[in-house]
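Produce the entire structure from the sequences given, and follow the hints as far as they go.
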Amino acid sequence: MSASLLYALAGVALCGIGLFGFITLAHLLRKLLAFNLIGSGVFLVLVGLAQRHGEPDPVPQALVLTGIVVAIAATALAVVLIRRYFHLSGHTTLRAETPERVPGRLKPQTRGDNPE
Amino acid sequence: MRRSVGIRAVAGVCLAFVIALGLAVLGIAETPAHVDLPELLLESMGQSGVEHPVTAVLLNFRSYDTLLEIGVLVIAGIAGISVSRTTSLEDPELRTSDSLLYALQRWFVPLMLVLAGYLLWAGADRPGGAFQAGAVLAATGVMMRLGGIPMDFLRPGILLRLGLALGFAVFLLIALASAIGGEAFLAYPPAVAKQLIILIETVLTLSIAMVLLALFVSAPVNRAAEPGEGESP
Amino acid sequence: MTEWLLDGLLVFALLVTAVATLWSRDLFRAVVIFIAFGLLMALAWVRLRAPDLALAEAAIGAGLTGVLLLDAVRHLKSGRSGRSGPRPEPEAEESKGGVSG
Numbered sequence: 002m003s004a005s006l007l008y009a010l011a012g013v014a015l016c017g018i019g020l021f022g023f024i025t026l027a028h029l030l031r032k033l034l035a036f037n038l039i040g041s042g043v044f045l046v047l048v049g050l051a052q053r054h055g056e057p058d059p060v061p062q063a064l065v066l067t068g069i070v071v072a073i074a075a076t077a078l079a080v081v082l083i084r085r086y087f088h089l090s091g092h093t094t095l096r097a098e099t100p101e102r103v104p105g106r107l108k109p110q111t112r113g114d115n116p117e
Numbered sequence: 009m010r011r012s013v014g015i016r017a018v019a020g021v022c023l024a025f026v027i028a029l030g031l032a033v034l035g036i037a038e039t040p041a042h043v044d045l046p047e048l049l050l051e052s053m054g055q056s057g058v059e060h061p062v063t064a065v066l067l068n069f070r071s072y073d074t075l076l077e078i079g080v081l082v083i084a085g086i087a088g089i090s091v092s093r094t095t096s097l098e099d100p101e102l103r104t105s106d107s108l109l110y111a112l113q114r115w116f117v118p119l120m121l122v123l124a125g126y127l128l129w130a131g132a133d134r135p136g137g138a139f140q141a142g143a144v145l146a147a148t149g150v151m152m153r154l155g156g157i158p159m160d161f162l163r164p165g166i167l168l169r170l171g172l173a174l175g176f177a178v179f180l181l182i183a184l185a186s187a188i189g190g191e192a193f194l195a196y197p198p199a200v201a202k203q204l205i206i207l208i209e210t211v212l213t214l215s216i217a218m219v220l221l222a223l224f225v226s227a228p229v230n231r232a233a234e235p236g237e238g239e240s241p
Numbered sequence: 026m027t028e029w030l031l032d033g034l035l036v037f038a039l040l041v042t043a044v045a046t047l048w049s050r051d052l053f054r055a056v057v058i059f060i061a062f063g064l065l066m067a068l069a070w071v072r073l074r075a076p077d078l079a080l081a082e083a084a085i086g087a088g089l090t091g092v093l094l095l096d097a098v099r100h101l102k103s104g105r106s107g108r109s110g111p112r113p114e115p116e117a118e119e120s121k122g123g124v125s126g
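In the order they appear, the protein sequences are chains P, R and W.
2 is the number of the first residue of the first sequence in my numbering; add one for each residue after it.
9 is the number of the first residue of the second sequence in my numbering; add one for each residue after it.
26 is the number of the first residue of the third sequence in my numbering; add one for each residue after it.
In short, the hints are calculated from the structure, not lab data.
Cβ atoms here follow ideal geometry from the backbone N, Cα and C, with glycine treated the same way.
Hints are supplied without guarantee of correctness; some may be wrong.
To be verified - Label pairs and their computed distance ranges (CB to CB):
no.: 1; chain 1: P; residue 1: Met2; chain 2: R; residue 2: Asp106; range: 44 to 54 Å
no.: 2; chain 1: R; residue 1: Leu112; chain 2: P; residue 2: Met2; range: 39 to 49 Å
no.: 3; chain 1: P; residue 1: His54; chain 2: R; residue 2: Ala32; range: 14 to 24 Å
no.: 4; chain 1: R; residue 1: Asp133; chain 2: W; residue 2: Val41; range: 35 to 45 Å
no.: 5; chain 1: R; residue 1: Phe25; chain 2: W; residue 2: Trp48; range: 13 to 23 Å
no.: 6; chain 1: P; residue 1: Ser3; chain 2: W; residue 2: Leu40; range: 11 to 21 Å
no.: 7; chain 1: P; residue 1: Met2; chain 2: R; residue 2: Ala111; range: 45 to 55 Å
Here you go:
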């Protein structure tokens, strides 16, 4: 078990932590952070697994470099969307639909909701 | 009660996922690879036009991935600027009241521009290249924005669109040119490979920086009172 | 032996900061720990002999993402947004309030 494989396994753990956070956390910005953690975990797996014998391998490094830039662009777009959603609805979480949905009513019933 | 059972179920699923993925990773680690990519790469480096293997992979051997990636960035940039509305770039609120930032800007901005240029140039034979240079360039723009310097090219207009589209357009043009010339799509003629790569990297740097900067500038205040571009007030 | 120690500590720090950023009480603190996570990732790329990735991660993951998210946190915390309310206070005061929060 080389050091690079250790990083690959750390990437697997990051994916798991990120996935758990993505599903269970309610605040949209925290979901975004969790999503970024999943991405970082995937990158570690890609590079760590390919380089498990210790030789630097340029191909997965190039792919992950592309991935890092695309991830920041997607994160920036997500932030724009979250802020727009917050501006339009005043919420920072996605509310689950209530069972009885009055037709024609845009927002479901909300309990007292604070922005954090 | 129901909520805690739900969370425990999710935790169990995630744990199972982690274990399965970990076992898969360890299993893959046992099997030897069929093709030794780094060796293949070293053999073909001579034809690529650059000395640094990562740059060669990004801009030559797997340039199709990079082309699609810059396409994705442009789409994200378009989506970002279409959703939001920017405040006036001369908004006095943007002028920083932090005198330290104001003073440091004069030193940092030229330094960072030089650093971005160096990173772009160094990508040929050492770590560097379009992505890193584009990121530093975008960071320079963000710092200028935070310092309250109005940047005219970020207004919705021809300069913004030109900057966003330039990288993808030039890259696509070069890719098609070789296809029209009779060779494969994206095959650079080995004689001019280095010059083509330098050209593509330069416009890529500009476009990446522009996309990231546009997404940052679009992020701030969304005041519904201001009309978006093209809408009637 | 020392290399194993370094790698082990780095992996441990990565996992701890990942957990801390998701489950810290304050959103501002979560973003700050996320920036630290980005820097640790840059170190991990160095250990994995990928200097290009380390450069990109340091500039993007720690720098740009951090600024973007800090700005978003400030905006989301300012209460009801957008609808014509009082102008927000000047930047210096806001950021001071944020740091002590």
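Hint check results:
{"no.": "1", "hint": "P:Met2 x R:Asp106: 44 to 54 Å", "verdict": "49 Å, holds"}
{"no.": "2", "hint": "R:Leu112 x P:Met2: 39 to 49 Å", "verdict": "46 Å, holds"}
{"no.": "3", "hint": "P:His54 x R:Ala32: 14 to 24 Å", "verdict": "18 Å, holds"}
{"no.": "4", "hint": "R:Asp133 x W:Val41: 35 to 45 Å", "verdict": "38 Å, holds"}
{"no.": "5", "hint": "R:Phe25 x W:Trp48: 13 to 23 Å", "verdict": "19 Å, holds"}
{"no.": "6", "hint": "P:Ser3 x W:Leu40: 11 to 21 Å", "verdict": "19 Å, holds"}
{"no.": "7", "hint": "P:Met2 x R:Ala111: 45 to 55 Å", "verdict": "52 Å, holds"}
Of the hints listed earlier, there is not a single one the structure fails to meet.
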